[in-house]
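**Q** So the protein sequences, as listed, match chains W and H.
If you read the first sequence in the numbering used here, its first letter stands for residue 1, the second for the next number, and so on.
If you read the second sequence in the numbering used here, its first letter stands for residue 247, the second for the next number, and so on.
Hint data in this document are derived by calculation from the structure and do not stem from the laboratory.
One thing to keep in mind: the hints can contain errors.
[Claimed, not checked] As a list, the in silico DMTMM-like pairs of lysine to aspartate or glutamate whose alpha-carbon atoms are at most 20 Å apart:
#1 H/LYS265 x W/GLU51
#2 H/LYS447 x W/GLU27
#3 H/LYS325 x W/GLU66
#4 H/LYS268 x W/GLU51
#5 H/LYS447 x W/GLU45
#6 H/LYS456 x W/ASP220
#7 H/LYS398 x W/ASP220
#8 H/LYS279 x W/GLU70
#9 W/LYS193 x H/ASP282
#10 H/LYS447 x W/ASP220
#11 W/LYS215 x H/ASP388
#12 H/LYS453 x W/ASP220
#13 H/LYS279 x W/GLU66
#14 H/LYS325 x W/GLU70
#15 H/LYS447 x W/ASP34
#16 H/LYS398 x W/GLU45
Small disclaimer: the values here were computed from a predicted structure and weren't measured.
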Amino acid sequence: MTCSEVQRVLPEMMDGAPNNELQAHLEKCPACSDLVAELELISIEAHQLVESNEPSPRVWLAIAAELRSEGLIRDPEAKPGRPVLVPTERRRWNAWWLVPVAAALLVAASYVGMRKPATQIAEKPAVVAPANAPDLAAQSNQQKPAPQVAETKRPVPIDRSLDEPSVSAPVQVVSTEDRQFLDDVGQRSPRMKAEFESQLRAVNSYIRDAEAYLKQNPGDEDARQHVMAAYEQKAMLYQMALNHIQ
Amino acid sequence: MKPHLTNQAAGKGDLTDPKLAKTAEAEAIERAKQGDEAAFEVLYNLHKRRVYSLCLRMVSNPAQAEDLAQEAFLQLFRKVGTFRGESAFSTWLHRMTVNVVLMNLRKKGLPVVSLEETIETDEESPKKELGGPDLKLAGSLDRLQLQRAIEKLPPGYKTIFVLHDVEGFEHNEIATMVGCSIGNSKSQLHKARLKLRDYLKFMRAEKAEKQ
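If we strip away everything but chain W, and leave its shape as in the complex, we get (with noise of 0.2 Å):
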């Protein structure tokens, strides 16, 4: 067998039953034994990859309400009407946890406006903070002072992040303002309440592997997308939840 054959061959027999002729090619040519070694070598590495990347927690809320919306889940604990269980008074009280909120969707917004083109912007779902987000946030501010919202996300503008080691600052699995966040969601349905805790789990275990990452590699620029995209998915959380509740 020549080296042309072996490549006339080669798509049949990679991946069939061993070949005698071939194998007697390869064994004395070492450019069609090193082409034979380095497409195995992809092919095994790519198997690999299979169940390597995780969808943000947007993916379950809308399937679970599309389910709902269809009749499909039967909830025990719904109730006709979905009665507003946090009436405006008691949200005024604690508005507190929109802090954290304006905070992760200021800091995906400005990672979003300062890295990503604006082609790949509008490409993204729409992630948008509620009109007065950062009002009752300003509001919440002055009634209740939040020096921790800071110190636990660790929002670091993202242009310093990539200098300044503050970046991999662990984040709490969930931080005291997820918790408070969590008992509000959970005065009006404790099944929520688990499903955004999970959620809130997921995505801060995220941003702590994804800033991670980004230490490790402070020239990759998949880490910095990452690290967006983490925070990204921590606002989207925030935003569905608020939409719930609201």
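Given the coordinates of chain W, assemble chain H onto it according to the supplied hints.
**A** For chain H alone, kept in the frame of chain W given last:
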């Protein structure tokens, strides 16, 4: 009472034992048929990474991949009542995902089988690449680079490569799903691997140059 179907029980990485995962899955399928939300979530968590990864690799766009993963799960959950267990649930889901993605590609007018198949000549033969000892892909591959290289593949090659080498479908299954001959599937897979090899060598050379 639903003692086993908690989020913690499945899909969060706790069910590493395949037997336990299978049991949880079987139980979740039965409960999902009754409309149990937790059961749907268990099924989602068990399969979300694989389904999303498949979508992402096929379309190379995270937002679009999430939409497709969502659509695949919705289609599956709407039909879960008809699942009788003759085939593996995961096979059923992954076939459905592939169909959703292929349908989407067709809608956009993107080729699911490479158009290059008919016009490529021996000029693209890998032979010209042989004998470059400095560029050998010896040892292991950088997975991130491999991911990037896959993203660069032309759509048709990408489809066949992802389905065969990443997802593990056989050529006859791919031929049926994609609508091409088995020979065509094999040929395109081979060309996809050759292209990936070129891309990876190029990336490696580029990286070496920078260093």
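**Q** Going back to the hint list, which numbers does this structure go against?
**A** Those not satisfied come down to hint 2.
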